[in-house]
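Chemist: Below, each chain spelled out in residue letters.
Protein chains: 2
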Amino acid sequence: MPPAPPEQLVFRALADPTRRDILLKLRGHEMTIAEVADGFDMTRAAVKKHLTMLSDGGLIEVQARGRERINRLNPAALSPLRDWLSIFDEFWEDKLAALKTAVEKDTKT
Amino acid sequence: MPPAPPEQLVFRALADPTRRDILLKLRGHEMTIAEVADGFDMTRAAVKKHLTMLSDGGLIEVQARGRERINRLNPAALSPLRDWLSIFDEFWEDKLAALKTAVEKDTKT
DNA sequence: TCAATATAATACCGATTGGTTTCAAATTAA
DNA sequence: TTAATTTGAAACCAATCGGTATTATATTGA
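Chains as they are written, first to last, in my numbering: chain A, 12 to 120; chain B, 12 to 120.
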């Protein structure tokens with residue numbers, strides 16, 4: 012297993028909508044570059060660049076098979092994102108609690 | 012309440028490490044621009060630009076108070092990110108299940 | 001073998017980003 | 001009132017980004 016890419020590469024990879032769409036497309040089954048590119052309104056070369064950035068972030072794994080490159084989703088690489096998000100869970104809860112209080116106070120009057 | 016910014020503005024806002032650090036810094040209590048900028052190795056103007064992008068993504072709320080601008084964390088704006096992440100939960104689970112199976116098989120031999 | 005296919009690699013382009021500096025405007029405090 | 005403070009806004013710069021086109025390389029299939 013290659014080392015987990017730094018958090019920054021994950022956030023950077025997800026910053027582009029085309030790359031997020033690629034990840035969605037890769038759910039379920041692996042694809043060659045040409046298959047991934049199919050349906051996108053850009054050249055294969057452009058899609059390939061996006062795939063490289065996704066690979067840099069560890070979000071996909073690429074495997075050579077003959078002259079093709081098989082791209083496979085690696086959902087485990089989303090962990091840094093989950094971890095970062097969890098830092099804000101308590102504040103999220105605080106906001107919810109405050110809202111609950113406000114609603115209760117409102118219905119009481 | 013202003014309309015929720017599109018998902019893309021949230022992902023874009025989080026793509027920069029300085030902006031993520033700003034969000035961490037804003038946990039707990041609100042701050043003026045100068046207070047946010049303090050500790051960062053860049054000009055106040057640069058930090059202000061980051062705050063603008065965070066505001067564009069709805070991740071902070073800005074309120075004028077005299078000549079100061081109070082910046083407050085808005086954790087609710089992270090929802091699009093949570094929602095997007097949840098799309099991959101099932102594949103995450105699949106991977107875990109596969110791992111579990113592999114481990115069981117391994118310990119059995 | 002040889003042509004077609006799948007990808008890689010590079011150079012190039014315009015737009016955006018992340019930063020700076022400079023100057024103006026609004027607010028506050030002495 | 002006047003000077004200091006806080007911010008806003010704009011011009012500018014180098015680097016990165018998202019895309020193109022072109023060329024080269026490796027693999028496959030007839």
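Be aware that a few hints might be false.
As the list makes no split between identical chains, a pair holds if one copy fits it or if it spans any two.
Result set (EDC-like, lysine to aspartate or glutamate): computed pairs, CA atoms no more than 20 Å apart in a straight line [what the hints assert, rightly or not]:
id : residue 1 : residue 2
1  : K60       : D100
2  : K60       : E41
3  : K36       : D100
4  : K60       : E101
5  : K36       : D94
6  : K59       : E101
7  : K59       : D94
8  : K60       : D94
9  : K59       : D100
No lab work stands behind these hints: they were computed from the structure.
Chemist: For each hint, tell me whether it holds in the structure or not.
Modeler: Evaluation of the provided hints:
Taking the closest pair of Cα atoms, K60 and D100 never come within 20 Å of each other, the shortest separation being 34 Å inside a single copy and 26 Å across copies. With identical chains, the CA atoms of K60 and E41 are at most 20 Å apart within one copy only, with a shortest distance of 18 Å there and 40 Å across copies. Taking the closest pair of Cα atoms, K36 and D100 come within 20 Å of each other only across two copies (15 Å); inside a single copy the shortest separation is 29 Å, beyond that limit. Taking identical chains as interchangeable, the C-alpha atoms of K60 and E101 are never at most 20 Å apart, the minima being 38 Å within one chain and 27 Å between chains.
Only between protomers do K36 and D94 lie at most 20 Å apart by alpha-carbon distance; the minimum there is 17 Å, versus 24 Å within a single protomer. Within a single copy, K59 and E101 get their C-alpha atoms no closer than 39 Å, and across copies no closer than 26 Å, so neither meets the 20 Å cut-off. For the identical chains of this complex, K59 and D94 are neighbours neither inside a copy (28 Å) nor across copies (27 Å), given an alpha-carbon limit of 20 Å. When the C-alpha separation of K60 and D94 is checked against a cutoff of 20 Å, the pair qualifies neither within a copy, at 27 Å, nor between copies, at 26 Å.
With identical chains, the CA atoms of K59 and D100 are never at most 20 Å apart, being 36 Å at best within one copy and 26 Å at best between copies.
Going through the hint list in order, the structure does not satisfy hints 1, 4, 6, 7, 8, 9.
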